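A.B. asks: The lines below spell out each chain.
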Amino acid sequence: MSAALLIEQLLNGLQFGVMLFVMAAGLTLIFGVMGLINLAHGSLYMIGAFAAAGAAAYTGSFWLALVAALMAAAIVGAIVEMVVIRRLYDRDHLDQVLATFALILIFSEGTRFVFGSLPLYLDTPSVLSGPTTLPGGIEYSKYRLFIIAVGLAVGAGLYGLIARTRLGIQIRAGEADREMIAALGVDIRKLYTLVFALGAALAGLAGAMIGAIQAVEVGMGEPVLILAFVVIVIGGIGSIKGAFVGALLVGLTDTLGRVLLPQVFGLVMDASSATTVGASLASMSIYILMAGILLFKPSGLFGGTP
Amino acid sequence: MTFKTFAIAGLMASTASMAVAQDVRIGMITTLSGGGAGLGIDVRDGFMLAIDQAGRDDIEVIIEDDERAPDRAVQQADRMIQSDDVDIMTGIIWSNLAMAVIPSATAQGVFYLSPNAGPSQLAGRGCHENYFNVAWQNDNLHEAAGAYANTAGYTNSFILAPNYPAGRDALTGYQRMYEGDVASEVYTQLGQTDYAAEISQIRNSGADSVYFFLPGGMGIAFVRQYAEAGVDIPLIGPAFSFDQGILGAVGEAALGVRNTSQWSHDLDNPANVAFVEAFQAEYDRLPSLYASQGFDTANLILSALDVAHPDDADAFREALRAANFDSTRGDFAFGPNHHPIQDIYVREVVMEGDVLTNAIVGTALEDHADAYAGECNM
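Heads up: the protein sequence lines correspond to chains A and B, in order.
Taking numbering that gives the first Met the number 0, I'd label the letters of the first sequence as residues 0 to 305.
Taking numbering that gives the first Met the number 0, I'd label the letters of the second sequence as residues 0 to 377.
Any given hint could be a false lead.
[To be verified] Straight-line distance between alpha carbons at most 25 Å, and here's what the computed SDA-like set of lysine to any residue pairs gives:
(1) A/K141 to B/A53
(2) A/K189 to A/G34
(3) A/K141 to B/L254
(4) A/K141 to B/D231
(5) A/K141 to A/G156
(6) A/K141 to B/G247
(7) A/K141 to B/G361
(8) A/K141 to A/A56
(9) A/K189 to A/T164
Keep in mind the hints are simulated off the structure, nothing from the lab.
All values derive from a computational prediction rather than experimental measurement.
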């Protein structure tokens, strides 16, 4: 494999990783602050994509569509938190899983009811369509570079928010001791709604960005949700830094595994069985990575002691 | 209940069953919700259009949604056969569901007409006298794509499919006809939606053509990302990723792609012209490949019902085998294993007004039968 191709694949892995980070950041924030397992996070991703597709069809502008996705997911997230999720904080995780699983079904069928079963269309904006030439003669999609930039900006923004703002202090305090922060006079209900809406908005943003290069369809969120869970388990549940490192690890492992494993097996067996075995093993690679990390760090890379 | 009312009820029940004795019940199990629902909806709409056009009130169609789940499909089939007493079944879209339902249905004496799924097992050793496939054997469109690659002068193809049985069959089918070299054979994960890594490989492969089989959302994602990456190696695919239901979501990225199909809305024969017009009038959208298959299936059943009732199994089977109906595909005949012998065309994605659709540019294979007919002992 040439160096240019390797760099291109590294960029692909990076792009996949930062997209997973935007998704996983909300999930890990919600778990860290509220102790809630939110299976419906994938539905918020889907809502973001559908809102973007709807807004783009109506206004013709990708940027307005991104705003619409953020707003729609945040509003739906806030409503869901106030109506359903709020009743679940004191319940055990099984109740949370059941209730949020029910939300997946409701959102999927509701979306199908409104938008129909056929996939929708969302286009990339014309300034970002097509490839650009990077130093070294590597041709790479402008839109994927845009996703990388947005993902890194979200990471920097979240870091600033949590490390430097009053809201961040409250979030960190909420993670450490929920009762105490309420006793100190912080409106914990408002804080929870805000954190949930923030997580939802990030999921919606990821959905809208990815919707422009993939299919906008019902059920698009669940495969990503599974990967996002893998990311936060690897990174340590509740840790934004862990989610970032975990997401990049998963993105790179998945992308490079898909490319390299069939070639590695090609050295020792014939071509057709090498592609089959390599492809099968590549689809397992991130789970093997997760198992390996949990073996040495049972609470994840940046998780606290269990 | 007194004896008298009991007797009356019994009498009514027996006259009722006498009255329905000559009626025909058709059970349709298809995918109407969940992933891939668009296909089942089109098959149903095409099928019901033909039934409505026939205007017969002795035909009852029972429709169930399998939600693409094999266990649901099996339950529904059992209920249709045992309680609803259906004569004919149809509707299944997916090969794995077909394998779960069809062998047991035909073994219980029900006629099964597949409007879509054509797994190789049912065309070869597992063929059955009561099973007819009105669409294609699964390999057919891939074989046609291989044949087209030869005529188009491609000699170095990059081939790509998901790592599951139909995906492996697709690449085998392509290579059965294709005579050139294979630059690389890549299997992706089923349900994968990001193809950046594969597209980078394609760009660097030196291939002169790309053949891919990625049904549903996978195909939408691949084609759009392929256009986005600016790779200019021509794509070839089977009709599934470029059919009417899906083209709107793929968008202009699909323009110019060549795909193989046994049907196209611009096929110029009277049955097809009438079908396309009636379908648009009824449902306000262009029909898809799947809608044409549902329509043909219903018309085949209707043509056989004019000859015999399914209770007279031998006569009804002969009437089906004769395929004496006006197919939207023009020429249509069954091979010895009850799978179609038909022409397969090459289509190109074009813009008609402001609607993306397909136009026929040539014929890939004429009177093409499947590769498994020889293994079938009926």
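A.B. asks: All hints, please: hold or fail.
C.D. replies: So, going through the hints one by one against the coordinates:
Between A/K141 and B/A53 the CA atoms are separated by roughly 54 Å; this puts the pair beyond 25 Å, and the hint is violated. A distance of roughly 16 Å separates the Cα atoms of A/K189 and A/G34; the hinted pair therefore holds under the 25 Å criterion. In summary, the hint linking A/K141 to B/L254 is supported, as the alpha carbons are separated by about 21 Å, within the 25 Å threshold. A C-alpha spacing of about 16 Å is found between A/K141 and B/D231, which places the hinted pair at or below 25 Å, so the restraint holds.
With a C-alpha separation of about 22 Å, the suggested pair A/K141 and A/G156 falls inside the 25 Å cut-off, and the hint holds. A hinted pair counts as satisfied when its Cα atoms are at most 25 Å apart, and A/K141 with B/G247 qualifies at roughly 23 Å. Using a Cα cut-off of 25 Å, the hinted pair A/K141 and B/G361 is violated, with the two alpha carbons roughly 36 Å apart. Taking the CA atoms of A/K141 and A/A56, the gap is about 22 Å. The hint holds against a cut of 25 Å.
Distance restraint check for A/K189 and A/T164: the Cα-Cα separation of roughly 16 Å lies within the 25 Å cut-off, and the hinted pair is therefore satisfied.
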